[in-house]
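Asker: Here is how the chains run, residue by residue.
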Amino acid sequence: MMDKEKGYLSLVLHAHLPYVRHPEYDEFLEEDWFFEALTETYIPLIEAFDRLIEDGVDFRLTLSLTPTLLSMLSDPLLQYRYLRHLNKLIDLAGREIERTRWMPEFHELALMYHWKLSRARHIFLERYNSRLVPAFKQYQDLGKLEIITCGATHGFLPLMLNRTATRAQIRIAADHYEKHLGRAPRGIWLPECGYVPGIDELIKEAGIRYFFTDTHGILFGSPRPRYGVFAPVYCPSAVAAFGRDMESSKQVWSARDGYPGDCAYREFYRDVGFDLDYDYIRPYLHADGNRINLGIKYYRITGLSDRKEPYRPAIAREKAAEHAGNFMFNREKQLEYLNDFLGIKPIIVSPYDAELFGHWWYEGPDWIEFLLRKLHFDQETIRSITPSEYLELHPKLQIIAPSMSSWGYKGYSEVWLEGSNDWIYPHLHMIADRMVELAGRFPDADDALRRALNQAARELLLAQSSDWAFIMKTGTMVEYAHKRTKDHIARFNRLYDDILAERINEQWLKEVENRDNIFPDIDYRVYRPMQGD
Amino acid sequence: MKKAELNRMKKDELLKLAKSKKLKVTVDMLKTEIVDRLVQLEQAKTRLQKGGGKARPAGTSRKAGGTAGAKGGGSSRAKAPPKRKAAEAAAAKKKGAAPAAPKRAARPAGPAKRAAGEPHGEAAAGRAARGKAPAEPRASREKKLNGATIRQKAVASKYYLGAEEAAMPPVESMEVPGGYGIDRIVAMVRDPHWVFTYWEVTAGRYRELESHFGDTWPRCSMILRVIDVDSDPQSHFDITLTTEARNWYISVQPDRSYQIAIGALGPDGTFVQVAVSNVVKTPRKSMSDVVDDRWMIPDEVFEKIFAASGGYDVQASSEELRALLEKRLLEEISSGAVSSFGSGAMREEERERGFRLWIATELILYGATEPDARLTIQGKEIPLRGDGTFSLRFALPDGKIDIPVTAVSADQVEERTIETAVRKKSEEKEPVVR
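Chains as they are written, first to last, in the working numbering: chain A, 7 to 539; chain B, 41 to 474.
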């Protein structure tokens, strides 16, 4: 393999869900976000990695596991609830096998779901004892996977104004990573790839060596990037920044011919939760009885019309293999082309949302597995690499100040700052300032005061999740996003008032600690301002 | 209802009333604001009844009433006195004055001319339609995500469970404050062309302004002064605010620094500042002019690298976008109806005919035998309930299906069989459209 390669490919998956955990209810609709991602994305990825390792495939992949996701993966209540959820679905799939007996094309699918769901339970429960974080960690320890961190609660950093509070998002994330994965994180995925000058310094302070920006973050950086996005750069703070490649991104996301839209793939919007008789599926719905998606989907995309044909898994799998081959072929061509005039071996950085694979694009995990196999067995032009490995091989980089950017629609902050969600910022900024004020005022609190201060930090962090603004913009589950935002802001403000008035209600504090229990080891002193803040 | 009557009502009652009239109101609004909206709605209705043109209650739409003029202060702005009376004046003026304003000269001030907190009301209204309805047409569910890019759809799917939201009764209900009692203004960069600002001016500060200006107060305007920090000598432009505004999107230039002051502008041009914002810098939206001579390469090679990186796509798409935005904005001003573009335009659901019909048939087969008997249906063994009953449910396709049901006693001595057959045929007729 010595120097045969024409360049590098760095595949990056960003896995994230907001912290949703409601012990105050017996079951909670939005917890299904996590359960669906487990069944359709996280567990299939683990399955794929296991198979790759078994078959001796030397793959490289970078995966960000956000602190909120790590926390949920490690939470016993959610683990228990996931099993309960899964058992219900397995039961439904069993009934579906019977129900579809006279319709072979659906019968086959019912069998597939029953098998897949049972398999998910086996992997989750038997193989990994409900603990998937160590599962991911083992691939990192084997050198195949590089797990990176993210903002503590996925707060969109470019819209934060308080530097101390911005730092806390990164600091807390780095500490949390170390606690769960046994070493300091080398890289960070900035929430929504949102960068604004100055964030690199905070990343540096946390001991993290690299991050990613969208294409224009590097391209519009100053001075001009000598290698475009095909080499990382050092920010003035000496943290490395890798720019997203547009071409490989387009192959997946193009509205016209992106892979996930292929007619053979499974249709996301047709679900038995809506297609089947109400009385029959009622036992599998939540207590409120509203129809929801249950994850058993029988149709393929077929075409643009509403008339959908039954899903054919074998054909879809073939398609995924074909698309993986096509992706690899295009990267080979891209590297060969660039190699002619770039002057160095180019690196192509291709980041995607992890939940794209499996949840939205059902065959996505197959595609990744095929791609990693093909990269290993079928070619020598591309070397699959993690950013850390690249930096070790190529420590000499150009120094460039990247430009403000995000990978959101239109490339900046509009998704999180527009008519539907701009009302949150007066509150978010105020409570961030207040948190810093409290940390300055009480440098060494004990007992109830300390607990109240720690809880205030949790409430601030949870309010800052970019997911809420995003959901307000997209218009589904808006009410929940409003509720979460308001709850955390209001709880923070009550804690703030109580702390200053020296009237902490320990009973209520305990309830809130139990409800918003993320980051059990948080130390509010992370909000003490540093020099220059 | 007369304004005086409304003023005597409690805020709770007003909220209820406003919500029942589908007005977008929230608990963090001031009582006077809610009253204003109700009054405006009343007026709008009266006009409609009289056969007048379209008029909307404030909050559902608002034109670029306060317009960002050219540098050095707008010329065509409506001088509305601050505070309570302004809303009435503005409401009265709106119909006649705004459309007359020259479209191009008055640059739009930005997409969201909306008081903070409005989305809460919107959500509440949307929820009313929820229920345990039979399967909602898939097309309409899907439509919610339409208009977005594929990637947006995919990301949104992460939070999409198909359902309208479940009504989880709140365990603890807390509200966010309407304000924090601090005079402040904050600026945020949205993208190379827009800066967002929000502010709070306390009642106490309004009183101070009122006493400062004395008799001329009714002729004063509350304004935003947008300062171009990089310019020398420093230049600025002003935006006249409507009373209900609490935030504003300001059209700006890429790669420049801005600072925004809020205050009152007297009739003689004196400006009394209430607060001034942080300085913000918009990003550049093209490649940098700075070239590092240690990393110098021929221009044509750089061109190639820039193109391969997608540089021209980035620029082209933002240029196209810009053109599109301006076009849309102008259309909206002339049509006079938009609350917030960005999302507003995107989320606008098409009102196409969503009529449809589909059916599916299922067969339920049930019965009983002895609890310890062995039962097969079409040769496949079926588990029995404790009392010997069984129930099966099959999706029923077109065609004929024979269903032999056989029970064998536990001691293998006796066997009984019932053969049943079903035939199903469906035919879809040509649709009729009248």
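Don't take each hint at face value.
With a Cα cut of at most 30 Å, we get these calculated DSS-like pairs of lysine-lysine [claimed, not checked]:
#, chain 1, residue 1, chain 2, residue 2
1, B, 420, A, 94
2, B, 193, A, 314
3, B, 51, A, 489
4, B, 50, A, 416
5, B, 61, A, 489
None of these hints come from the bench; they were simulated from the model.
Predicted model, so just to flag it, every value in this text is computed and none were measured.
Asker: Between residue 51 of chain B and residue 489 of chain A, is the straight-line Cα distance small enough, at 30 Å or below?
Answerer: 22 Å, holds
Asker: Is residue 61 of chain B close enough to residue 489 of chain A, meaning Cα to Cα at most 30 Å?
Answerer: 23 Å, holds
Asker: Hint check: residue 420 of chain B vs residue 94 of chain A, CA-CA at most 30 Å. Holds or violated?
Answerer: Given pair residue 420 of chain B, residue 94 of chain A holds - Cα atoms ~24 Å apart, limit 30 Å.
Asker: Does residue 50 of chain B pair with residue 416 of chain A here, judged by a C-alpha cut-off of 30 Å?
Answerer: 45 Å, violated
Asker: Straight-line Cα separation of residue 193 of chain B and residue 314 of chain A no greater than 30 Å?
Answerer: 20 Å, holds
Going down the numbered hints, you'll see the structure goes against just number 4.
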